[in-house]
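A.B. asks: Here the protein sequences come in this chain order: A and B. Under the working numbering, the first residue of the first sequence is numbered 127, with each subsequent residue one higher. Under the working numbering, the first residue of the second sequence is numbered 23, with each subsequent residue one higher.
Watch out, some of these pointers could steer you wrong.
Claimed, not checked - Simulated DEER-style distance windows between Cβ atoms:
{"hint": "1", "chain 1": "B", "residue 1": "LEU186", "chain 2": "A", "residue 2": "SER244", "range": "54 to 62 Å"}
{"hint": "2", "chain 1": "B", "residue 1": "PRO144", "chain 2": "A", "residue 2": "THR308", "range": "41 to 49 Å"}
{"hint": "3", "chain 1": "A", "residue 1": "PRO163", "chain 2": "B", "residue 2": "ASP243", "range": "30 to 38 Å"}
{"hint": "4", "chain 1": "B", "residue 1": "GLU132", "chain 2": "A", "residue 2": "VAL159", "range": "40 to 48 Å"}
{"hint": "5", "chain 1": "A", "residue 1": "LEU243", "chain 2": "B", "residue 2": "LEU186", "range": "55 to 63 Å"}
{"hint": "6", "chain 1": "B", "residue 1": "THR279", "chain 2": "A", "residue 2": "GLY564", "range": "37 to 45 Å"}
Claimed, not checked - Beyond 12 Å from chain B on every Cβ pair, some chain A residues (computed):
{"hint": "7", "residue": "GLY145"}
{"hint": "8", "residue": "GLN158"}
{"hint": "9", "residue": "GLN168"}
{"hint": "10", "residue": "THR174"}
{"hint": "11", "residue": "VAL193"}
{"hint": "12", "residue": "GLU240"}
{"hint": "13", "residue": "PRO314"}
{"hint": "14", "residue": "VAL321"}
{"hint": "15", "residue": "GLU365"}
{"hint": "16", "residue": "ILE409"}
{"hint": "17", "residue": "TYR574"}
Because the hints were derived from the structure by calculation, they are not lab data. Note that beta-carbon positions come from the ideal geometry of N, C-alpha and C, so glycine has one too.
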Amino acid sequence: MDSSSPRLRMSILGVVVLGCFLALFARLWYLQVMEAPALVVQATANRTRTVATEAPRGRIFDAKGRVIVDNRTSLIVSIDRNELKKVKNRDDLIARLADVLTANGAPIKISTIEKRLSEKKADQLQALPIASDVTDEVIHHLSEYAEDFPAVSYERKTVRVYPYGTVAANILGYTGHITAETLKILEPGTDPDGVEKSYQPDSIIGLTGVESTYEKELRGTPGIELVQVDSRNRPVGTESYQPPKSGNDIQLHIDIEVQIRAEQALVERLNVLRGTAQRDGTIRGAPAGSVVVLDPRDGGVVALATAPSYDPQELASGITQERYNQLQDINGASALIDRSISGQYAPGSTFKIVTAAAALSNGLIDGNSSIYDDGVYRVGNPVQEFINAGKEKYGNVNVVRALTVSSDVYFYWLGDRMDGTTLIQDAATAFGFDKRTGIDLPNESAGYVLTKAKKKALSKKYPDAYPNGDWYTGDNVQLAVGQNVIVVTPLQLARAYAAFANGGTVYQPHVVWKILRPNSSTTDPSDVLRVIEPVVTGTVTLPPDVRSPIASGLEGVTSGLGTGASAFVGFDQQAFPIVGKTGTAQVDGKADTSLFASYGPALSPKWVVAAVMEESGFGSEASGQVVRRVYEVIANHALTGAGTATNGSRD
Amino acid sequence: MLPQSISSRASKLSRRDPTAPLRHIDPVLIGCTVVLSILGVIAVYSATRGPGPDYSKSYLYKQIIFMVIGAGAMVFCSVVDYRKLHDWAWAFYGITTALLVLVVSPLGSEVNGAKSWFSLGPFQMQPAEFSKLSLIGVLAFLLSEFRGDIDIRRLVALLATAALPMALIMLQPDLGETLILLAIMMTIMLVGGLPTRYIAVLTIVGLVGVVGVLNSPLLADYQRNRLTAFVNPSGTSKAAVYNIEQSQQAIANGGITGQGLFDGPQTKLGFVPEQRTDFIFTAVAEQFGFIGASTMLFLYGLLCYRIWRIAQVAKDSFGTYLCAGVLAMFAFSAFENVGMAMGIMPVTGIPLLLISAGGSATITALAGLGLVLNVYMRRFQ
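For reference, chain B alone in the conformation it holds in the complex:
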């Protein structure tokens, strides 16, 4: 029950309805989101402005535009009652899956050997990013419908639903995004009441699968090298090791207090590849040091804690599963991206949500947080 004093000062709306969504916005989640987004914009600018003195601002402006669009998406995803999304989940899933089919067709553009993008004038769209959200939606829907009563037939349905976009993304190929979808699927199924025996079987199949894939001709040599370089630096190709070494040296170069904004020699001089996306953490860590980088990780952790907490207090299981999916998306991206930059995870191209440059990823991340906020705001309704 709310204290009297608040209701006396409160708006008309809340005086009429103490469970009104706008009364239950999570300031911590919004605060973390805003600070991380600003940090991301700065990091993207720092990583892309070039040696100067004519600093390039194109990535900076683009990232600001993405943040604004993303903020719109976040508001949209939080104001429409998430329970109505039940009905839209399959439609959204259908659209994103169709886009995934189209992107591997001649309509998609190829960058660095992967057909992952649509070119839209100055922008590129990466449908795989949106498919993360659509997969969260449909899996949450299905599991909330199953109410923990899952047999083989239903398990197969769940797996098939997840496998379709994963297979399409592997065709691009984009191993990183596929792994995120896998993490999302496993998390939602864990929280969504998949019987323990299935989890055990899936884990074993998964492990055998990973070992099998690594030793199969399915992966190109460079992919296998990138994936295993972090466990076996001497046995792999020079280029794969080089990136990890440079990245770790750049992070170490930040020390405790960092080299200062725009002042990271290792990142600035181009020793670390893909700084604005996959290796953006090195730019943050070199320029802001342990203090800055750990603060960023802490904010990320706090954000994840809020999502986890909201998953627990959600009014219904659909809300819980949605939050669990978004949590998996954030936590796994962060662990894989940052872990890769620090040499404890294999090298795969995964953006650090809210920090890395990129429209599709930023908008998807903010929309996902909008959904979580949505669940929190309506926990009393």
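Just chain A, same shape as in the assembly:
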């Protein structure tokens, strides 16, 4: 072959050129046909930015249809930092803006604006809010002299309002900006149309209470604008826009009137008691307490009061360390704990219905079994003495009378007889103690009911706190009167009484009743998206021969010789008979924990009211008084039909 032949060399050149073109075609095919889908996604991501507008959150109604959390519009003045860079007299502009805001009722310092502007977090595409809740005058001025305020914009944003102020704050919770960590793990819900309620770095989420547990319902569907940007990230147009949609409304079992009364009664009673001496001379600290109102028929939570309390708005909008420390020590108690669901107390005598139920249902006693109560019960060797409160002697007592007059000796005797078994603990578990109730609020405590095995395990695990891991008869005797080896939350206590009241059904307590359509009317049944159905978590077997003696015993408590009678003087029990039990739990070196658990009306119970007050003394003089004041509102409603104005009457 002659490689110098001109013809061959032209052919080589031709082949090379042809090869080049084939390579170009192949690559073009690859890019535009084969790889196009993947590359186009990249390209689109490159030239579009998502700008999200937060939607209004759903409103919250009480059981009677009253709005207890609403939204309002707040006027917000913002500065676009991209635009600001182009402004010649930047400092002058900011000074003038500060002047306009200050002159029109929204005072702000130049340094405050500068500080906001230097924050790095916000998206450069979105205008940075400088002042919120400005007056209409500010907006008028800014729109009138728009050309004097380049880069300045204003918008209306919806924010939460609470028509009842801080009432029910522990239930409702508050909202705030999502944190970076939460943003990563929080799964967005979907609206009724199935659209995902996505989160952005500046999204508002529920941080505590119902706002947090029903975040998926309450959150609105953000408005999503797909903004086309050029290579310098400047917006040039809109590719698509989906307007924001309000979140679902929710209706609670809470009756705001009962809630208000519970909070007031609790705080007032604590204030009255604080600093006074209880029967044995100990000064009452009366720092804290809580009230729980349940519907025994379905576990609906009608009220949950806790004291001391705080204004959630304060926390939501940022708080100083000093104020935070203050909140953690109000008369020696932290305001940040919802005691109704996370406070843990020895139940004292209120626990006796469980002991009685255990003894009766296991045939240890019947309604007439009686002993002689001389004020002291002795067990063990060496002998250990357990006495009645106030060293009272009640003489012959059966279970009915023992409950009414609160004879500890009778229950010490039952505790002694059931020593070596877990009969009391088993009954306690059946009534729902020793585990969380599963209420739809965060940070609930579980309480505990110790057994021989559990005490041993506890001692092994924490030898310093529980040096003695042995179970003594004395432990069982104390357990029988709700002391020493048991703590419960006020909510657990109320639920146990609800189970007793309704004949043995243990419900999971629920604050939320219904999920409603966005912008719904509570009177229109078609607006109901979903009703939170009652959940039964267990049952207590309460045949008449078990339930009747206990019920009779409790019925006597609020009248005559009953331990709680003093609290109900003047209350019309003919119309609205109340059944309850006082409790006075001893705390070393401090005044007693005062407890009162009750239900009413006696024969067809619709309400369970329980109150627990720390360092407040005898059951009836503290908690009994508070419970009575709550019943005043309830009985008034039940008897007159008042407070059912709007709808959704629950009785």
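Fit chain B to the known structure of chain A by using the hints.
C.D. replies: The following block gives chain B in isolation, referenced to the frame of chain A:
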């Protein structure tokens, strides 16, 4: 022999002379040239009219003016018998080389760090473009004189002739144009009968040279990055990779049918740099899609095929070498420019002839095609 029927209808001229040049115009070559030129004008307008609504038309008008001047140059280069260009080749080479010296002097203007232009009022002239044509002329002349009898002395003469403008262009610096001159030189020497052993030696020296230059301090970092970004996207600077990525995304965004004229978001929003010149192919590909872009490449290929074919049927070796040089100029520009936009060739600033905006390149391209037409028209004389 021409059929009787044609000669009976033909003009006076052709009746007198069946070998007359005007009887042998290549309609395919002219057709491809016209269609590509129109496409180029549209593409330039699309890439430069801005976001509107006050669309800028200055580049559009300029490009039309260049096309008209280029058409004049094409006619001129086709009517004067190319064999007479023998005598003019050295003069033209001398002029363009002198301009290359002047452009790196203070007389030239610097744009983007390269002294490649003379400012002439609203226009700029880029002498490197014209030097491609002058190099084709002198190399074709020399090789046709040597008649395949090339020894070391003659090889050195050839290399020196090519090396002078290449060195001057590297001073600007303009790597892309230097590479085109290299491609032209290699092609003409291949076709012009350079012995195989020299070709082999030159290829090896060339490869060693490329590797050596890439690893030497002769290149600025940005140049090295641009050149190697296409083989090693992760190891190079972000900016170099960015351009290639954006360009490929824009091309992909065109899909099969394209986004439509003036409707390429990636190119329109400025994600692709240098759209009217180095990256003009992305504008075409995004707006007209695979159908449009492949049609354009096909026309380009057809044009190259005609040039190759004319090189073969040329009456003499001078004509063949001229055509081979023009073919190298077109084919290499297209391969490098389009290949760069698609990420299979290094990033160097080379215009896509007839499509990219630019007076010097357009006029040179059309003049080169005029020469090819010239050779074809006179293949029987």
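A.B. asks: Of the hints given before, which are not true for this structure?
C.D. replies: Failing hints, ascending: 2, 6, 7, 8, 9, 10 and 15.
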